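Visitor: All chains, please: the whole structure from these sequences, using the hints.
There are 2 protein chains.
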Amino acid sequence: MTLMTDHIVSAFDADLKELGDKLAEMGGLCEKLVAESVGALLKRDSPLARRVIEWDRSIDRLQHEIEERAILTIAKRAPVAIDLREVVAALRIANDLERIGDLAKNIAKRVIALDGQFQPPKLAHGVEHISDLTLGQLKEVLDAYTQRDEARAMDVWRRDGEIDSLYTSLFRELLTYMMEDPRNIGFCAHLLFCAKNVERIGDHATNIAETIYYLVNGEPLLDDRPKSDTTSSTKIEYQG
Amino acid sequence: MTLMTDHIVSAFDADLKELGDKLAEMGGLCEKLVAESVGALLKRDSPLARRVIEWDRSIDRLQHEIEERAILTIAKRAPVAIDLREVVAALRIANDLERIGDLAKNIAKRVIALDGQFQPPKLAHGVEHISDLTLGQLKEVLDAYTQRDEARAMDVWRRDGEIDSLYTSLFRELLTYMMEDPRNIGFCAHLLFCAKNVERIGDHATNIAETIYYLVNGEPLLDDRPKSDTTSSTKIEYQG
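Protein chains in written order, with UniProt numbering: chain B, 1 to 240; chain D, 1 to 240.
Calculated directly from the structure, the hints in this document are not laboratory data. All figures in this text were calculated on a predicted structure; none of them were measured in a lab. Incorrect hints may have been included.
Because identical chains share one entry, a pair is satisfied inside a single copy or across any pair of copies.
Calculated cross-link-like contacts (lysine to any residue; reagent style SDA-like; alpha-carbon spacing at most 20 Å) [claimed, not checked]:
hint : residue 1 : residue 2
1    : 17        : 95
2    : 32        : 60
3    : 76        : 16
4    : 76        : 12
5    : 139       : 21
6    : 76        : 11
7    : 43        : 116
Guide: Structure below.
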């Protein structure tokens with residue numbers, strides 16, 4: 001075990017602060033990407049979608065920096081107990097945020113694919129509702145992390161079921177539009193994937209909540225997740 | 001810096017061997033899950049799909065064990081250079097394998113959703129072709145990792161474009177089936193997601209190839225990936 005002298009402790013604190021600052025920057029960028037990618041979808045704004053794709057590179061860069069800094073901190077300071085959990089939590093949360101950035105980027109790519117395509121009115125608004133909810137969850141879990149507030153994190157964890165229910169309804173609704181009018185199929189297929197991406201962003205917010213639980217309590221959350229994407233067990237029969 | 005005495009070096013080697021053994025087990029399980037989930041889809045075998053979902057828990061458990069072991073190894077041994085890269089590579093590859101397990105599980109869940117539903121003949125066979133190719137890539141990259149064979153890993157990396165092209169064709173084909181007959185829509189929507197899951201398994205094989213490059217060369221691969229899922233920029237217009 002490393003002897004934690006004052007010198008080493010304050011060096012460790014400085015490492016931790018750097019990790020925290022980078023994570024805060026990454027979290028802010030992720031919130032922006034999720035909001036702007038869905039905004040680009042609703043407004044059919046391809047230039048904005050291209051900027052989202054560009055911004056995602058900063059998220060990837062931050063994830064690499066956090067991974068590198070976390071590994072070096074563990075190697076140099078050999079932290080234990082809560083100190084070790086702080087560093088491991090930073091590693092895990094950076095992973096989830098990087099995935100969230102990717103998912104937002106995927107939505108942005110579809111906005112570009114849809115550019116100029118036949119646009120059935122109002123179909124994208126179901127996606128707006130689910131992404132408002134998801135963005136709220138993401139903000140909330142990042143605040144819970146900043147404050148090391150386990151109760152707030154658990155609220156996020158429990159609410160993920162709402163996103164999943166909403167996604168299931170949206171999946172059914174989009175399939176119904178496809179069946180009503182085959183001209184909707186191309187557009188709705190892309191929307192299905194956008195909605196799925198938003199739903200998965202919610203899953204990553206839930207992962208972050210689990211990491212906060214582990215950070216605060218020193219043990220993993222063993223309960224089964226309240227969520228499951230029920231569309232993978234949703235049977236849609238053609239009624240036409 | 002830790003002084004690498006013989007005692008510590010051999011303890012490090014033992015840690016590394018344990019990580020390698022667990023990763024090999026995890027890789028084998030992932031290959032099995034990918035093969036069996038697609039097998040379950042082709043044969044519409046729900047009991048097999050349920051076993052796939054169960055097996056995925058072992059993959060999650062192994063990923064946690066590898067993460068824990070890797071972090072402790074870094075903290076206790078403070079490895080540097082190639083030794084550190086070995087441990088970081090194990091961490092990263094375990095992450096990708098865990099994601100691959102999840103994607104296979106998602107395919108299995110859809111098999112259960114499709115149970116008893118109207119089944120258009122032969123529609124699933126396009127998924128068979130892309131998953132054969134993807135499974136080949138996964139086996140190949142895991143062999144490249146075992147042998148620390150960067151050239152072989154780079155072959156896998158370059159070939160990912162084939163999977164993406166195949167996925168793009170399949171996406172178009174499935175949308176065409178949907179437009180031809182609305183009774184195909186429910187089934188094809190699930191197949192679209194299955195195909196996307198397979199394509200993403202290919203992405204994770206590519207990530208593993210990049211990790212092998214970093215492990216062998218000591219620096220990240222900076223080239224842009226040869227791939228992009230072009231369906232997100234695929235315009236499908238209704239021709240009917």
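Visitor: Among all the numbered hints in the text so far, which are the ones the structure does not match?
Guide: none
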